[in-house]
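*Asks:* Once you've looked at the hints, dock chain B against the given chain A.
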Amino acid sequence: MNKKNKSSEEIRDWRDMSFDVLMRIFMALNLVDFAAVSMVCSSWRDVCRDPSFWIANTLDLSKWKHPPTPTLSSKIVSLLSSLLNLSNGQAHCLIFQFQIYIDNRDFFKIAQRSPNLKRLVLPGWFPDFTKKGIDLALEQWKGLESLTITNTYIATLFLEAIGKYCPNFSELKLTCHLTLNIATTLAKHVPKLKVLSVQSVRVNKNALVHVVKKLKQLEILNVTHSFIVTGNRPDNTEIYPQHSIPTLLKNMPRQPTTLMYCNGFCDRCQDVFIGNMMHKWRDPKEQIWCEDEIPSLQI
Amino acid sequence: MSSSVEAITVLSSDGDEFKITVSAAKLSKPLNWMLEDVCFSDDCDEVPTIEVNSKTLVKVIEYCEKHAPRANSGASDSDAEELKKWDIEFMKMDVKDILFHILMAANYLHMEGLYDLACQTAADLMKGMTVSQIRKIFHIKNDFSSEEQEQLRRQHPGCSFD
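Protein sequence lines correspond, in order, to chains A and B. Under the numbering used here, the first residue of the first sequence is numbered 2, with each subsequent residue one higher. Under the numbering used here, the first residue of the second sequence is numbered 12, with each subsequent residue one higher.
Because the hints were derived from the structure by calculation, they are not lab data. Please note: incorrect hints may appear among the correct ones.
Said to hold, decoys possible - For lysine to any residue, the following SDA-like pairs were computed, each having C-alpha atoms within a straight-line distance of at most 25 Å: (1) Lys206(A) / Ile221(A); (2) Lys206(A) / Gly265(A); (3) Lys107(B) / Val33(A); (4) Lys64(A) / Gly125(A); (5) Lys64(A) / Pro168(B); (6) Lys147(B) / Asp14(A); (7) Lys64(A) / Leu136(B); (8) Lys138(B) / Asn86(A).
As the list claims (entries may be wrong) - Cβ-Cβ distance ranges computed for the label pairs, FRET-style: (9) Gly139(B) / Thr131(A): 33 to 39 Å; (10) Ile148(B) / Asn169(A): 39 to 45 Å; (11) Phe155(B) / Glu287(A): 49 to 55 Å; (12) Gly139(B) / Asp268(A): 36 to 42 Å; (13) Thr20(B) / Asn169(A): 54 to 60 Å; (14) Glu287(A) / Gly139(B): 56 to 62 Å; (15) Pro168(A) / Ser143(B): 46 to 52 Å; (16) His244(A) / Ala82(B): 41 to 47 Å; (17) Tyr119(B) / Lys143(A): 38 to 44 Å; (18) Glu92(B) / Gly90(A): 43 to 49 Å; (19) Asn89(A) / Ser156(B): 16 to 22 Å; (20) Ala18(B) / Asp14(A): 33 to 39 Å.
Built from N, CA and C at the ideal position, the CB exists for glycine as well.
Looking at chain A on its own, in the form it has when it is part of the complex (with noise of 0.2 Å):
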């Protein structure tokens, strides 16, 4: 057999190696080493810029397990704001940690620099956001199609917001309570709501029934371990099991295509019904925030 000559083989250079291989690289490493890789060389930098990769990859920090402390959410918030800039305005999908701490500005800041998202994933705390912060962000926002929401008042104002700029918008999770005020918000603003996520929260009754009658394009309906309760206190309450939600719904006019709801009283169903039962109404966890039966909605 004649050999070929052996000279053949060059000696490369990591700045040559191809696309999809440091896309896939560079899609697994967090934030903070992501940003150290997009300053190492200009090639390294074009992968980094291209939409491809935006289009593809999740601003996620939620994997961020530092305690959040004021100084570090900004630290987090001035590098999420440069790592927006790299991408030129193409991030579809931002994930904040739960426990960072976001101001209108930052908020806002950040809505500019993304104006093709299409998920969003709110944290946990929002100490002082205004209807006016709301708005203007979502002004920005208007492909918006999936949000995450953790608080019952900002859920309202985010609705309203949604109702105004997101024509594309069609998938909610609740972290918070189903009240019948979020309810009556939902059906008049987002109307044409496909997917819908209420798990491990307080559920009125009356705001299910509110929202499967009047969202008329409602396919998936998650209710899966939530505590439905007629009134907003444990001692003046009617408390309906998680397998008599079907009959709750059963004269509805029309039915989402998809209803998931807990058969039995499972563990998850015993710790929802102890939270709320022991008034720890307030606090929206971590675990049911990352957590969720319909799969475009888990973290």
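*Replies:* Relative to chain A, chain B alone:
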């Protein structure tokens, strides 16, 4: 395909001959196609060439032979554990010389397992490093002009360069 064939001979891009067993070649679609071509071909003297250099091909075949039994039959948890340890040892390699080529080869040969493993190894080498440390590990020359460098510093105020 004739069942009597147990191994095929392939050429590296440097022209060296290598033997790879049929079960190991199944880990790669292109290799598997090559193998079917060889088995069905009348001209049995023809030796297919794989566009991967010898140094890299040795490693690729080593990986295939190690992983083939598990991929073809499934294995117990203890085997999986052992294989994981083997993978870690296997990936201890020179970044510039071998890891680079392994990544290119795994991509070209559609070997998902090896590709994942090599990408993760490269990513692990970048984790927690500063910009200049990454340049050093991957032997990359800084090709930004001083103005660009200054601009980068401004754009990423929180990042350590040194």
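*Asks:* Find the hints from earlier in the document that the structure breaks and name them by number, from lowest to highest.
*Replies:* 11, 14
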